[in-house]
Every structure is written in C-alpha cells, then in structure tokens.
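Student: Below are the chains, spelled out letter by letter.
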Amino acid sequence: NAGVTQTPKFQVLKTGQSMTLQCAQDMNHEYMSWYRQDPGMGLRLIHYSVGAGITDQGEVPNGYNVSRSTTEDFPLRLLSAAPSQTSVYFCASRERGGLRNTQYFGPGTRLTVL
Amino acid sequence: AQTVTQSQPEMSVQEAETVTLSCTYDTSENNYYLFWYKQPPSRQMILVIRQEAYKQQNATENRFSVNFQKAAKSFSLKISDSQLGDTAMYFCAPSGGGADGLTFGKGTHLIIQP
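Read top to bottom, the protein sequences are chains A and B. Counted the way this note's numbering counts, the first sequence spans residues 1 to 114. Counted the way this note's numbering counts, the second sequence spans residues 1 to 114.
Please note that a few of the clues may not be correct.
Sample of chain A residues with no beta-carbon within 12 angstroms of chain B, all distances over it, derived [claimed, not checked]:
hint: 1; residue: T15
hint: 2; residue: Q17
hint: 3; residue: A24
hint: 4; residue: M32
hint: 5; residue: S33
hint: 6; residue: Q37
hint: 7; residue: D56
hint: 8; residue: G63
hint: 9; residue: Y64
hint: 10; residue: P75
hint: 11; residue: R77
hint: 12; residue: A82
hint: 13; residue: G106
hint: 14; residue: T112
hint: 15; residue: V113
Cβ pair distances, simulated, as ranges [as the list claims (entries may be wrong)]:
hint: 16; chain 1: B; residue 1: R43; chain 2: A; residue 2: G51; range: 23 to 31 angstroms
hint: 17; chain 1: B; residue 1: S12; chain 2: A; residue 2: S18; range: 38 to 46 angstroms
hint: 18; chain 1: B; residue 1: E15; chain 2: A; residue 2: P83; range: 34 to 42 angstroms
Stretch-level coverage of chain B by chain A, calculated; a stretch enters the list once three of its residues show a Cβ under 8 angstroms from a Cβ in chain A [as the list claims (entries may be wrong)]:
hint: 19; stretch: 45–57
hint: 20; stretch: 72–85
Derived from the structure by calculation, the hints contain no laboratory data. By construction, the Cβ of each residue, glycine as well, lies at the ideal position given by its N, Cα and C atoms.
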C-alpha cells in the first residue's frame, strides 16, 4: 500500500492563479481531510469528507474548494491564490470507526504564493 | 469545539535523558481520543501514541508513554532514553470521534543534544 499520496511536493504560484492539490489514498478509507500548517502553528482543518459525494467545511475553508467523486481521491482547489495561502498542506484519511480514530497523513505539499 | 494548549514552545535535553512534554485541552465531548504526533524535519506527520479517553490505563509504546488525567484534561508525553532521532516537533491532538478531524496544539520543538 502506498498509503496517502500527495502531488505536487512543492508549488509556486502567482497571486490570482488557480491550481489543484491532489490527494489519493489506497486504504479504502471513508474519511478524508485537508489541513494547512503555518509557521508556529499546528495543523488547521480546511475541509473534510465522510465519503464520495459528501464534503463539509472545517476551521479555515475560505478560498478553497473540494469535491469527492471517488473514495480514493480528494482534491483541494485554490480558485484565486493569495499570499495568505502560502502554507504547507496535508491530506489525511482514516477509516470510519477505524482503529481508535487514527488519521494517516500524506507527505505534504509546500505552496508559495507570490 | 476543542482547544489545545502546549505550553512549551521548545525544549532541549541531552541524549539518554527523559523528557516530558505537556498538553492540556478543553472538550465538551464525552468519548474522545488523544494523539501525539511527531513531525521531523522531513515534515511527515508520524503517529507516536494514542489514548482512548474511556480507558484509565495510560498508553505506552516502547520508550513513549503518556500521563492522562481526564478530570484535569491533561495529556503529557514522556520520552525515556531520548535519542537523536527524537528531535522533532511534537503535536498533541484530541479527536472527538467525528469525521471532522483532529484539533492540533501549536507544538513543542524538542531538541535532543548529543
């Protein structure tokens, strides 16, 4: 199993550009989440999904869109990038009712918006 | 909503010493889980240890153990016989069991000196 994979690992954007961060998992987990990590902060939840076709907002959803068309994939879209979205982004997944709620994280994407 | 406080932004100890990282949290949940994650310079989020709130017995994983005091909402991590590879950011994170992910503290930067 590859676990949770994210692409790209690094990305530089200009203000106003759009892009999609990819996330995939091969563990058949129902729950998936996106977090952002800023310097001196822990991870903060952006959006999450409880299954294909179902998504919801987390703590910091503004400026981001998500969709979940399959169990495996959970892309994060930045429609018009802003410097405030410079951050490291993590995708995570876990089983519904899985082993003590353990979340498995991808390796992260470092995004810089100029 | 949950809040998490890690009061030690940075700690430094000598190799082979024992170190304790503190974490306090606030939650309105009755059933929840608590996690410590490690983030080395590679930025990968690695699960260190987990605790179910309904269990009175403190969790242990090799050199890692927790002191869980439910009434005080305290969840400290003890690392025994510390090793250079333990150098990392450590995050405390409670989970309410729902799909909406983990709430992270701001982290403690642990440095193990040779």
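Student: Look at each hint and say if it fits the structure.
Tutor: Quick rundown of the hints versus the structure:
no., hint, result
1, T15, "holds, 25 angstroms"
2, Q17, "holds, 24 angstroms"
3, A24, "holds, 17 angstroms"
4, M32, "violated, 9 angstroms"
5, S33, "violated, 4 angstroms"
6, Q37, "violated, 8 angstroms"
7, D56, "violated, 7 angstroms"
8, G63, "holds, 18 angstroms"
9, Y64, "holds, 14 angstroms"
10, P75, "holds, 17 angstroms"
11, R77, "holds, 19 angstroms"
12, A82, "holds, 22 angstroms"
13, G106, "violated, 9 angstroms"
14, T112, "holds, 15 angstroms"
15, V113, "holds, 18 angstroms"
16, B:R43 x A:G51: 23 to 31 angstroms, "holds, 28 angstroms"
17, B:S12 x A:S18: 38 to 46 angstroms, "holds, 43 angstroms"
18, B:E15 x A:P83: 34 to 42 angstroms, "holds, 41 angstroms"
19, 45–57, "holds (count 4)"
20, 72–85, "violated (count 0)"
Violation of the numbered hints given earlier is confined to hints 4, 5, 6, 7, 13, 20; the remaining hints are satisfied by the structure.
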